[in-house]
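Chain A is already provided as a structure; the job is to place chain B with the ligand on it using the hints.
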Amino acid sequence: MARYAMVTDLRKCVACQACTVACNAEWDVPAGYARTRVRTTPITGTFPHLASSIYVAQCNQCDRPPCVEACPSGATSQHDNGIVGVDKSLCIGCGFCLEACPYDARYINPATKKVDKCDFCVSRLERGAEPACVITCTAHAKYFGDLEDRQSDVFKMVYAHGARRLETSTIRVGPNVYYAGEHASTDLVLAAFPPRPPRLLAAGQAWSRVLRPLVLAAAGATFLGQAVAFFNQLRNGEKDFED
Amino acid sequence: MRTDAIPVHPLPLTAEQAESMLQRQVKKHHIAIILLHWFNAIVWFFELLTGLALISSPLFRVAPRWYISIVDGVFGTRANMLQFHVALGLLWIGVYLVYAIFGFRTYLSKEVLRNEIALDLDDYRWLVVRTRRILGLTREALPPQGIYNAGQKLFAFMVYAMIPLVMVTGVVMAFRLFGTQVVGWAVVLHFCAVGAVVCGLLVHVYMGAVFPEEKPAFFSMITGTVNELYAYRHHFKWWTVIKAEEQAWNQQHADEAVAPAETARPGSSSADREPGCPG
Ligand code: HEM
Numbered sequence: 002m003a004r005y006a007m008v009t010d011l012r013k014c015v016a017c018q019a020c021t022v023a024c025n026a027e028w029d030v031p032a033g034y035a036r037t038r039v040r041t042t043p044i045t046g047t048f049p050h051l052a053s054s055i056y057v058a059q060c061n062q063c064d065r066p067p068c069v070e071a072c073p074s075g076a077t078s079q080h081d082n083g084i085v086g087v088d089k090s091l092c093i094g095c096g097f098c099l100e101a102c103p104y105d106a107r108y109i110n111p112a113t114k115k116v117d118k119c120d121f122c123v124s125r126l127e128r129g130a131e132p133a134c135v136i137t138c139t140a141h142a143k144y145f146g147d148l149e150d151r152q153s154d155v156f157k158m159v160y161a162h163g164a165r166r167l168e169t170s171t172i173r174v175g176p177n178v179y180y181a182g183e184h185a186s187t188d189l190v191l192a193a194f195p196p197r198p199p200r201l202l203a204a205g206q207a208w209s210r211v212l213r214p215l216v217l218a219a220a221g222a223t224f225l226g227q228a229v230a231f232f233n234q235l236r237n238g239e240k241d242f243e244d
Numbered sequence: 065m066r067t068d069a070i071p072v073h074p075l076p077l078t079a080e081q082a083e084s085m086l087q088r089q090v091k092k093h094h095i096a097i098i099l100l101h102w103f104n105a106i107v108w109f110f111e112l113l114t115g116l117a118l119i120s121s122p123l124f125r126v127a128p129r130w131y132i133s134i135v136d137g138v139f140g141t142r143a144n145m146l147q148f149h150v151a152l153g154l155l156w157i158g159v160y161l162v163y164a165i166f167g168f169r170t171y172l173s174k175e176v177l178r179n180e181i182a183l184d185l186d187d188y189r190w191l192v193v194r195t196r197r198i199l200g201l202t203r204e205a206l207p208p209q210g211i212y213n214a215g216q217k218l219f220a221f222m223v224y225a226m227i228p229l230v231m232v233t234g235v236v237m238a239f240r241l242f243g244t245q246v247v248g249w250a251v252v253l254h255f256c257a258v259g260a261v262v263c264g265l266l267v268h269v270y271m272g273a274v275f276p277e278e279k280p281a282f283f284s285m286i287t288g289t290v291n292e293l294y295a296y297r298h299h300f301k302w303w304t305v306i307k308a309e310e311q312a313w314n315q316q317h318a319d320e321a322v323a324p325a326e327t328a329r330p331g332s333s334s335a336d337r338e339p340g341c342p343g
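If you're matching them up, the sequences are chains A and B in order. The first sequence begins at 2 in the numbering used here and counts up by one. The second sequence begins at 65 in the numbering used here and counts up by one.
Excised from the complex, chain A in its bound form (with noise of 0.2 Å):
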């Protein structure tokens, strides 16, 4: 099975949003909210010694994604090929993965009020097209292909240019979305952007730490007293009266 990774060359892109255009243009993206984007760090730094690094910002289709956890309805998923999917006809727009993701890479499609993010162009790999902000990328600064394969060119970008992760020591949660360039470029965007902790929305947290459990005890007590009920029944042969 493959595992689908992209790499972003920092180095390469000169943020002309050709990408963000062809999402939006290939996904129909709503206006105002985006599939992917791309944002730049604040510029840190004395001058003349000033930096600054653009950041292409997607969903990370993550190892261990902390969205699938939170959906309850199985709307997303991780697929064999390491892809996070979306199931529209499952999602019931709850918001739970949006508070999830470590990323903030999904939104809620006001038209639908379903929740929508990147798949990687998914339904384009399976025709044998790369996603859309690959082939658009003007500088040629994004590649995409399966890392369990050694000769494609994000396995060579992560395991022989030293592409990395937005990985925090926290925050671990598997990206396989890597960013290639100097260290210090990733370096600020990883001060800029970093992952923040999974949430989980208070709806979620009741649900999950106090009324399940209150419901499961609710009805295993309500069933053990069923049973005890019906076995004093049959061992007392208690009858009110015969019909």
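Take these hints with a grain of salt, some might be off.
[To be verified] For each label pair, taking beta carbons as the anchor points, the in silico distance ranges come out as: (1) F239(B) <-> A203(A): 18 to 26 Å; (2) A203(A) <-> A312(B): 37 to 45 Å; (3) L112(B) <-> D64(A): 31 to 39 Å; (4) V138(B) <-> H141(A): 35 to 43 Å; (5) D154(A) <-> P228(B): 57 to 65 Å; (6) D29(A) <-> Q147(B): 49 to 57 Å; (7) R189(B) <-> R236(A): 19 to 27 Å.
It is worth saying that the hints were derived from the structure and are not from the lab. Positions of the beta carbon are idealized from the N, C-alpha and C atoms, including for glycine.
Chain B with the ligand alone, transformed into the frame defined by chain A:
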């Protein structure tokens, strides 16, 4: 016709009395209610079956993985399963709406609510005695009950409170209304409301379908009638009401039986007659 005084407390019956009461059926449920009850039961069966499988996250699910896989397999895709769940739920709401529109005058009366939901003093005592009997602490007789016993009333109250909640939260999820926060809580409330009903159902279905003493009640949900002995033994206060109605009806018909002779004489009315003469 002789009108017997209706006893205030259940009296011991002779074997013949019991036998003749066993042979007489009295009406308990209207056909519309019987149909609604079984439609509702079938809907709950399928909604629970699919609903359990729809919650798949390890954080929230209550059904084991293998169960979810089986139901997934039956429906082919989870999307089909959700569609089925939602479509059946909407049909269920539709049927209840029809009943609500045509039936609210009949069923939302104070009298029905008092008889079928509100607990009276005997009901509270019944709950205590029933519990103590189940625990084997007493063999004391149960206090007399109305058309439904206190347990049934509590169950009905919970069901009537939870069903609208299940409907509203279901619609909120199905159409993703009012934003993610509301939908998020709707999922949770939907689950809890159903959980409460399921706890009640464990007892309800056992009492309705398994418990030997309540067999007549089970058949009453098919035929609409129970034998009079069951009414006397299990729902004594209801029995006294039926008895009183029966006697009033008999009285009236006995009056009518003598009426033809009198209708020939205009101006006369039944009030002229001596009280208690018929029979
Ligand atoms: C296989 C499933 C079921 C069986 C065998 C069953 C059986 C019965 C029977 C025999 C009665 C008549 C009781 C009497 O006249 O004394 C009844 C009443 C009733 N049933 Fe069910 N039932 C089932 C499912 C359900 C479900 C799923 C619900 C609702 C969620 C429900 C709600 C009620 C209510 C509200 C009443 C009115 C009396 C009461 O509160 O107990 N039933 N049922």
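Status of the hints after comparison with the structure:
Evaluation of the 18 to 26 Å hint for F239(B) and A203(A) yields a pass: the beta carbon distance comes to about 23 Å. Under the hint 37 to 45 Å, the C-beta atoms of A203(A) and A312(B), about 59 Å apart, miss the expected range. Between L112(B) and D64(A) the Cβ separation comes to about 35 Å, which falls inside the hinted range of 31 to 39 Å. Between V138(B) and H141(A), the C-beta spacing of about 48 Å breaks the proposed range 35 to 43 Å.
Our hint of 57 to 65 Å for D154(A) and P228(B) holds, since their Cβ atoms are close to 58 Å apart. In this structure, D29(A) and Q147(B) break the distance hint of 49 to 57 Å, their C-beta atoms being roughly 23 Å apart. Our hint of 19 to 27 Å for R189(B) and R236(A) holds, since their Cβ atoms are close to 26 Å apart.
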